[in-house]
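J.: Those sequence lines, one after another, are chains A and B.
FYI, in this note's numbering the residues of the first sequence are 1 to 107.
FYI, in this note's numbering the residues of the second sequence are 1 to 167.
Think of the hints as simulated: they come from the structure by calculation, not from any bench.
Given the structure is predicted, the values throughout are model-derived calculations rather than measurements.
Virtual Cβ for every residue (Gly too), placed ideally from N, Cα, C.
Treat the hints with caution; some may be incorrect.
Stated by the list, open to error - Footprint (simulated), chain A over chain B, 3 or more residues, beta carbon under 8 angstroms:
hint : segment
1    : 62 to 74
2    : 101 to 111
To be verified - Pairs of lysine to aspartate or glutamate residues, derived as DMTMM-like cross-links and limited to a Cα-Cα distance of at most 25 angstroms, are as follows:
hint : chain 1 : residue 1 : chain 2 : residue 2
3    : B       : K163      : A       : D101
4    : B       : K139      : A       : E58
5    : B       : K118      : A       : D101
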Amino acid sequence: MTLTLAHYLAASGALFTIGLAGVMLRRNIIIIFMCLELMLNAANLSLVAFSRFNLSVEGMPNYSGQVLVFFIITVAAAEVAVGLAIIVALFRARQTTHVEDLDSMKF
Amino acid sequence: MLLVLFWIFAILMLAFGLGVVFLRNPVSSALCLVMSFVALAALFITLDAFFIGVIQILVYAGAVMVLFLFIIMLLNLRDEQARRLNLAAWMGGGLVVAVFLGLLAKVIFTLPGFNFPKPPISRPEISDVAMVGWTLFHKFNLPFQIIGVLLLVATIGVVLLSKRELK
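Chain B with its partners taken away, still in its complex shape (with noise of 0.2 angstroms):
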């Protein structure tokens, strides 16, 4: 049951993510990586991951991805038209990709440690988001009030970013 629907969803999040990069239009891009990213949430609830999964059709499908649709729309960016294709640094490109594919795919299907599977949870009764919840505020408690700082500095940023001209 469950490797049923991690395939269905694998093969829809690598299918959106290749559209992704070979659709013309931005905005078919952008619609097919929220797709892409609603398939990942749905593989992260298959590993029981409920927080991490709503999170990232909240955080990414959500917020991100309207914020890059805002942009795409405000920079009234058309079909990209062909241009004379740079030979060299495509073919270029093209190596580096299957050189990286050709490795990872090695390491991961000869490894024997990989190989094993699902092992069942002592206590499957225990909530997910109260333990992620726990771990966050005692073991990673001044991470997280450095990342609210990250946040603001962001923040401020981004308005000075977008002024029309600095003084």
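Next up, chain A with everything else stripped away, as it sits in the complex (with noise of 0.2 angstroms):
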């Protein structure tokens, strides 16, 4: 038995569904944002997997996917700080960190 793609894709669809069990069951807002960084870090999995099971003509990698995973991790880190700092300010202005506690903007 040899490694193959769908060995890559299997472990980067299971690592997104843990991902996404957190987001629908976890209630704290910090262990949300965590779940949601899991499922970017499964797409770059699967992305950088594909770029390497598929040659380009010359037989390298294709390179332009792992151009694409430089540019999530980036825009991650970015969005990491905002995000952060929006949790710091809901904090501050609420005590709290449970979702179920921020209910100002339900119908």
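Two independent chains are provided; combine them into the complex using the hints.
T.: Here's what the structure looks like:
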């Protein structure tokens, strides 16, 4: 049995599902944010796997996929900085990080 | 050999990922997330993506996770006390996750196009970092500069958001 693309896609899909489960089931806003990062990383794993398994015409990995992963990591870093600043501002205003206590916009 | 490494790091990554979701204390969740990212970086290296693996450890396991831990300590979060479980919401979330997992497994394991081994690289002596850099600066020069502006905007936004009050 050799290592195939399906192995990496299955690992990536499982990691994405764990992140999705965390976003759906947890109620602490910081944990939800961490699970979002898990989902971003699962997408990165499948991008790198596709870049390695589908070689370009010269027989080299398709480096456009890896550059896209580089961009995703950069945007994720900016997103974490802004998101955590928003969470700190929210905590200052409400003294809680539990999403069920933040219901003033709920219909 | 590579298959064994793949299984070790994939299982580590998924086990620590489950730790993030199911541990009560936010600090343990954050430390599990660090380990999950390190295992993911090892998976990138089994895919010959050395540059992305190193960036993953530097940016995620280093910078981003320090930021997370810093905020958790700053907010002084304790263990979540058990609340009354909203059963309907929990069942709904579980159902969505189960359906998603089933669909994904069906697609990945039934499509024959995904079931091929890793093709060898024609010129393995060329450095991966040089090729990523070449692609970044030749094919993606404009997006690269836009990303620079994005980082500046994010920095200014964070400074504004963390001011005590806006004038």
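J.: Per the coverage rule (Cβ-Cβ under 8 angstroms, at least three residues), is the segment 101 to 111 of chain B covered by chain A?
T.: Coverage by chain A holds for the segment 101 to 111 of chain B (5 residues, Cβ < 8 angstroms).
J.: Are the Cα positions of K139 (chain B) and E58 (chain A) separated by 25 angstroms at most?
T.: holds (16 angstroms)
J.: Within 25 angstroms, alpha carbon to alpha carbon, are K118 (chain B) and D101 (chain A)?
T.: Violated: K118 (chain B) and D101 (chain A) sit about 50 angstroms apart, past 25 angstroms.
J.: Verify this for me: three or more residues of the segment 62 to 74 of chain B with a beta carbon less than 8 angstroms from a beta carbon of chain A.
T.: holds (count 7)
J.: Measure nothing beyond the straight line between the CA atoms of K163 (chain B) and D101 (chain A); if it is 25 angstroms or shorter, mark the hint as holding.
T.: holds (24 angstroms)
Of the numbered hints stated above, the single one contradicted by the structure is hint 5.
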